[in-house]
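Colleague: Here are the chains, one letter per residue:
Number of protein chains: 2
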Amino acid sequence: MSKSFDDILAKLKTASTKKLAVACAQDEPVLEAVKLAKERGIADAILVGDKDEIERIAAGMGMDLSQYEIIDVKDTVEAATTAVQLVHDGKADIYMKGQLDSKTFLKSVLNKEVGLRTGRPLSHVCVFEIPGIDRLLFLTDVAFMPYPTLEDKKVIIEYTVNVARACGVECPKVAPLAAVEVVNDKMPVTVEAAELTRLNEIGEIKNCIVDGPLSMDLAIDPSAAEHKAGAKDRKIVGDADILLFPDIHAGNLTYKTIVRLATVKNGNILTGTKAPVILTSRSDSVEVKLNSIALAAVVAEEKNL
Amino acid sequence: MSKSFDDILAKLKTASTKKLAVACAQDEPVLEAVKLAKERGIADAILVGDKDEIERIAAGMGMDLSQYEIIDVKDTVEAATTAVQLVHDGKADIYMKGQLDSKTFLKSVLNKEVGLRTGRPLSHVCVFEIPGIDRLLFLTDVAFMPYPTLEDKKVIIEYTVNVARACGVECPKVAPLAAVEVVNDKMPVTVEAAELTRLNEIGEIKNCIVDGPLSMDLAIDPSAAEHKAGAKDRKIVGDADILLFPDIHAGNLTYKTIVRLATVKNGNILTGTKAPVILTSRSDSVEVKLNSIALAAVVAEEKNL
Chain F
57 MSKSFDDILA
67 KLKTASTKKL
77 AVACAQDEPV
87 LEAVKLAKER
97 GIADAILVGD
107 KDEIERIAAG
117 MGMDLSQYEI
127 IDVKDTVEAA
137 TTAVQLVHDG
147 KADIYMKGQL
157 DSKTFLKSVL
167 NKEVGLRTGR
177 PLSHVCVFEI
187 PGIDRLLFLT
197 DVAFMPYPTL
207 EDKKVIIEYT
217 VNVARACGVE
227 CPKVAPLAAV
237 EVVNDKMPVT
247 VEAAELTRLN
257 EIGEIKNCIV
267 DGPLSMDLAI
277 DPSAAEHKAG
287 AKDRKIVGDA
297 DILLFPDIHA
307 GNLTYKTIVR
317 LATVKNGNIL
327 TGTKAPVILT
337 SRSDSVEVKL
347 NSIALAAVVA
357 EEKNL
Chain L
57 MSKSFDDILA
67 KLKTASTKKL
77 AVACAQDEPV
87 LEAVKLAKER
97 GIADAILVGD
107 KDEIERIAAG
117 MGMDLSQYEI
127 IDVKDTVEAA
137 TTAVQLVHDG
147 KADIYMKGQL
157 DSKTFLKSVL
167 NKEVGLRTGR
177 PLSHVCVFEI
187 PGIDRLLFLT
197 DVAFMPYPTL
207 EDKKVIIEYT
217 VNVARACGVE
227 CPKVAPLAAV
237 EVVNDKMPVT
247 VEAAELTRLN
257 EIGEIKNCIV
267 DGPLSMDLAI
277 DPSAAEHKAG
287 AKDRKIVGDA
297 DILLFPDIHA
307 GNLTYKTIVR
317 LATVKNGNIL
327 TGTKAPVILT
337 SRSDSVEVKL
347 NSIALAAVVA
357 EEKNL
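Top line first, the protein sequences correspond to chains F and L. According to our numbering, the residues represented by the first sequence are 57 to 361, in order. According to our numbering, the residues represented by the second sequence are 57 to 361, in order.
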């Protein structure tokens, strides 16, 4: 079971080397992450984009390009289409965003001919390693789907459980979060959380233990679970693996609070795609990009998106 | 300007000593906080509740009760009514919850004859002192009002601005938070945040600077504001004082994440009442209760609820 990004990297040592297809690879932090991923034996890469620019940037950072296949496509949309098709056709395992805007990148992911759509909604999982918490936390959806319905949440849980299992967490504990830990008819989020719990109990949500609604302290703080009346009898007692947020505002505000206040490691990938897709933002560090590649690689190894 | 709870305590040294009315004071952590508040010259207290129990608990903790007025009322509802009336009648300045459930306590706050209702909605502010952040953060509403409307949010801002001003923050910066920092018609929260900003600009929300929608990083992380395109030209650049949450789920999940991950000091009071009301929960430490008394005392000093 991976309890850290180091565990994920260790797990990858026995896996076959994966291949990235990078759209518009002319971006220094992206090339830096690609280089590190190769050095650590996680993934090779096919660099699609403006070859002159890629060479110029690589020279500046002392990166040896002779080990990479480069496909010279100057146009952004064409570069994205070319790169995503490599994954669609099985010539690469992971699709990664480079120097292009998210909208154009996502259009290529959803391209009907050469993209990676499954017909199911796209979502997103962010994986955190936080000092003082003895396991990885899988947060969803903090970045992509604004207002998931009950049906969406069921699907999101399934996606995220598969990512957690790819990281070796065989039966992840899933906490549908809310402000409170009891059902309150005036708070639809709590009613949905209870319904997700029931669906898990009757076997309609598999390979995990769902227990909601849960407040954040009962989800991730064992001492809170110890002290709160009735909390000890729950299925999750401060030991949740997957944190399912009510909506993107709750998710994103919590996510950014964690990044601001704790010294964390994190990585993230899209879910609901045929192959792992890395959609990191420009503000993400090289380390976040590398962690995301490692995460995508373990998921590609399991191929259970 | 108070940048910490120590600053608030220092500010109180020049203020008159306030008086607490405690409902059902037979509770050790509450008595401990009451004792510390007296020792530090913040507040005296009238203890309303089961006198035998109060004496038994005080003896066990070595608390000298001779310095306190005790009103012996065994019945919970009657004790709450008695205690709140002391504040209503001006015999005490701050109403504090002891050993009774929140529902009964709130009923007494809202009592039409002897309570502290103003005719406006009740809300809640939580004040955090967080290492690495050079000022107090005022979070609202993370505990009380589930789904504030636009009108509610306007009122909540007014309440919280008054609390911040009582703490010496003369013109607080208010961040209506969301997952994103641009208006998106598909996210009503962002539309409301922009409207609150406009209302501030035309003078309908006073004594503060409102700038929303804002993501958490732009609200509290100056380096994020430094790096994000367009962020430098905003009125808030990582230096928000007041964090206005979209709803109670986003607020409470963020609040509990902060408590779990950072070594914080915090205190909180109800807002929208005629006098400060302390509604801490059983799981709050003595320190949180004491900080809440200090916060209530500075607000009582300003009397601008």
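Among the clues, some could well be false.
Since the list gives no way to pick one copy over another, a pair counts as held whenever it fits inside one copy or between any two copies.
What the hints assert, rightly or not - Using 16 Å as the maximum straight-line C-alpha spacing, the simulated EDC-like pairs for lysine to aspartate or glutamate come out as follows:
#: 1; residue 1: K284; residue 2: D157
#: 2; residue 1: K284; residue 2: D120
#: 3; residue 1: K229; residue 2: D190
#: 4; residue 1: K291; residue 2: D63
#: 5; residue 1: K284; residue 2: D340
#: 6; residue 1: K359; residue 2: D289
#: 7; residue 1: K229; residue 2: D289
#: 8; residue 1: K67; residue 2: E125
Note that these hints are calculated values from the structure, not bench results. These numbers were taken from a predicted model, which means no experiment stands behind them.
Colleague: Look at each hint and say if it fits the structure.
Modeller: Hints and how they fare:
In this homomeric assembly, K284 and D157 come within 16 Å of each other (Cα to Cα) only across copies, at 14 Å, whereas the closest approach inside a single copy is 46 Å. For a Cα distance limit of 16 Å, the shortest separation of K284 from D120 qualifies neither inside one copy, at 57 Å, nor across copies, at 31 Å. For the homomeric pair K229 and D190, the shortest alpha-carbon distance inside one copy (14 Å) is at most 16 Å, but the shortest distance between copies (37 Å) is not. In this assembly of identical chains, K291 and D63 lie within 16 Å of each other by CA distance neither inside one copy nor across copies; the values are 26 Å within and 43 Å between.
Proximity of K284 and D340 under a CA criterion of 16 Å is satisfied inter-copy only: 11 Å between copies versus 37 Å inside one chain copy. With identical chains, the CA atoms of K359 and D289 are never at most 16 Å apart, being 36 Å at best within one copy and 45 Å at best between copies. Taking the shortest alpha-carbon separations for K229 and D289, only the intra-copy value of 15 Å comes in at or below 16 Å, while the best inter-copy value is 43 Å. Taking CA atoms no more than 16 Å apart as the test, K67 paired with E125 passes in neither setting, with 26 Å inside one copy and 66 Å between copies.
In summary, the structure is inconsistent with hints 2, 4, 6, 8 from the numbered list given earlier, while agreeing with the others.
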